[in-house]
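Taken in sequence, the protein lines are chains A and B. Numbered per the numbering used here, the first sequence spans residues 44 to 383. Numbered per the numbering used here, the second sequence spans residues 44 to 383.
It is possible that some hints are incorrect.
No copy labels: a pair is met if it fits in one copy or bridges any two.
[Said to hold, decoys possible] Mimicking DSS-like on lysine-lysine, the simulated pairs with C-alpha atoms at most 27 Å apart in a straight line are:
1. Lys206 to Lys173
2. Lys152 to Lys369
3. Lys136 to Lys202
4. Lys135 to Lys152
5. Lys146 to Lys135
6. Lys135 to Lys339
7. Lys371 to Lys235
8. Lys142 to Lys202
9. Lys369 to Lys202
10. Lys152 to Lys339
What the hints contain is simulated information worked out from the structure, not anything from laboratory work. In this text the structure is predicted, and so the values were computed from the model without any measurement.
There are 2 protein chains.
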Amino acid sequence: MLKNDLILRAARGEQTERTPVWLMRQAGRILPEYRAVRNSLSGFKELVETPELAAEVTIQPVDILGVDAAIIFSDILVIPEAMGLTYEMVEKKGPHFPKTIEKASDLDKLRVADSNDLSYVYEALKITKKELAGKVPLIGFAGAPWTIFSYMIEGGGSKTFSKARRLLYSDPAMAERLLDMITQSTIGYLKKQVEAGADMLQIFDSWAGVLPPEHYSRFSLKYISRICDSIDEVPITVFAKGAWWALPEMANMNCRTVGLDWNMNAADARKILTTKTLQGNLDPCALYGSEEAIRKATQNMLDDFGDHPHIANLGHGVYPDTDPGKVKYFIDCVKELSAH
Amino acid sequence: MLKNDLILRAARGEQTERTPVWLMRQAGRILPEYRAVRNSLSGFKELVETPELAAEVTIQPVDILGVDAAIIFSDILVIPEAMGLTYEMVEKKGPHFPKTIEKASDLDKLRVADSNDLSYVYEALKITKKELAGKVPLIGFAGAPWTIFSYMIEGGGSKTFSKARRLLYSDPAMAERLLDMITQSTIGYLKKQVEAGADMLQIFDSWAGVLPPEHYSRFSLKYISRICDSIDEVPITVFAKGAWWALPEMANMNCRTVGLDWNMNAADARKILTTKTLQGNLDPCALYGSEEAIRKATQNMLDDFGDHPHIANLGHGVYPDTDPGKVKYFIDCVKELSAH
């Protein structure tokens, strides 16, 4: 039994005694306690692949910051790895794939991830669930197929993602074949996360914003929808960064919550997504301001969402150089200012 | 006298016998003729600073591709350099500032650029104007103050621009002081470009999309508006990439044309910007497709803009690895399909 189920009730669209709050990337570099664990290891991937330690850093922000949910410490790129494309995490630079997908025949070397893959993630979820002992819900997650696809084609981050986007024009059938494999892998992966203890799921479409609207509908939302249609065990949140134009289409999707980035306007989103819970959307840079400024920005954010079902969060992952004291102050402000 | 003034008439909102077309970054790496000039020199900056050669590469796409305007070959970062902050162009990586602005006292080392600065740009415009001999209009340009500011704080490109955005929260007065200096420098610079022969001006706000809407209004649009209010000699185009939310505010700005990126919907923009000419907005990746696909995408774009005053372009600069034959095909399609 959960002692604090605020976020699940908000996700179901219920009125809650206050607004629940958590932060994307709350388990990570902002906390000295995280860096101590991380620095004792050879690299980021060792932390992701060691269930006891992944569980430890997952729980840290619950205890230290007082967030209303834990999100499992992992990486969206475990899926391409399970499909046969290994990634490296380069310090201060980000992810890098030594081999990328270039031609249709490269797809023959990939496979759909199955239930034998990624057991370290499921193990980390089980340990976390046990150690949380019902304190707060546990969120599982995956990347959206389009975002995973982009990494597999580009081999890392990119300013324009022109290689990945090029394929949508030059060989859409190949693109759809790869997106389908990623989608199948992701559905199995998320279902196993629920079995292992995830109370909620979030799909991160980090590179949503680079696509023209028609392509976004065809090459991204279609696959996210398939995932949402395949999982009805727990509520799902979809966060499509930069895809402001897609909110009307999301209104008809089988997810419970839609995440907003800090460019999006909560007042507009409320009118479009009348039946969805909304999540977000403070500018992560607002946490660089004074406590007074953070308090005011938090109040403004809460006012923007009004009485619409709302899960407070930033509009993007918290930036690594943010003062954890300011993060805690933001969380405390949400709790205090939203209480009624 | 101009032999082809289609783009100026379209910018004034007049109906034209066909839609004029040019491409952002048309003078550049897509053309082998450009690369031949560039490779004969020590670096990118030598080309920017050598008026005869800058004029030569400015004219190349007019002759080779058949565009309806030339845009002077230069870089938006000549403004911070004229203010006292030197930039380097690192091959395949982009711009880099060895010194950046970190604290308020750093502003004391900067100055407002004056009419003695950047004479190589004015000289390049004069030569180009003469060599074009009225063939097509010549476009001058500058970066928007917010985008220039971002480079001066970050020292180069960035995924999140969190240093530049941080300053808007931590020291807005310092941010406004720097934005004001950049704006003053830019107004003088653009006026001199007009004196040297520019028939039109474009303001590029490349990093518009990273700001929350209130910040965009306060720290970017306000300064772009000041520039537009200060120059009435020639029509101005404002291209704020990613700032879809700002279109209603742009309706009241003293610019003639608003550029749309490929995420923006022309049908929506037409309703908001009833008195403005619209520019754009084919996805640059569409030029990786087959000729058949390019033709169809061009027809779709023209249909979206309908009978609204329109200057055809991509929704972003043309990507360097685009086949110039495909670029020419796109230009020919616009000319053919829009003729009436």
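Q) Which hint numbers doesn't this structure obey? A) Hints 1, 2, 4, 6, 7, 10 are the ones this structure does not satisfy, whereas the remaining hints hold.
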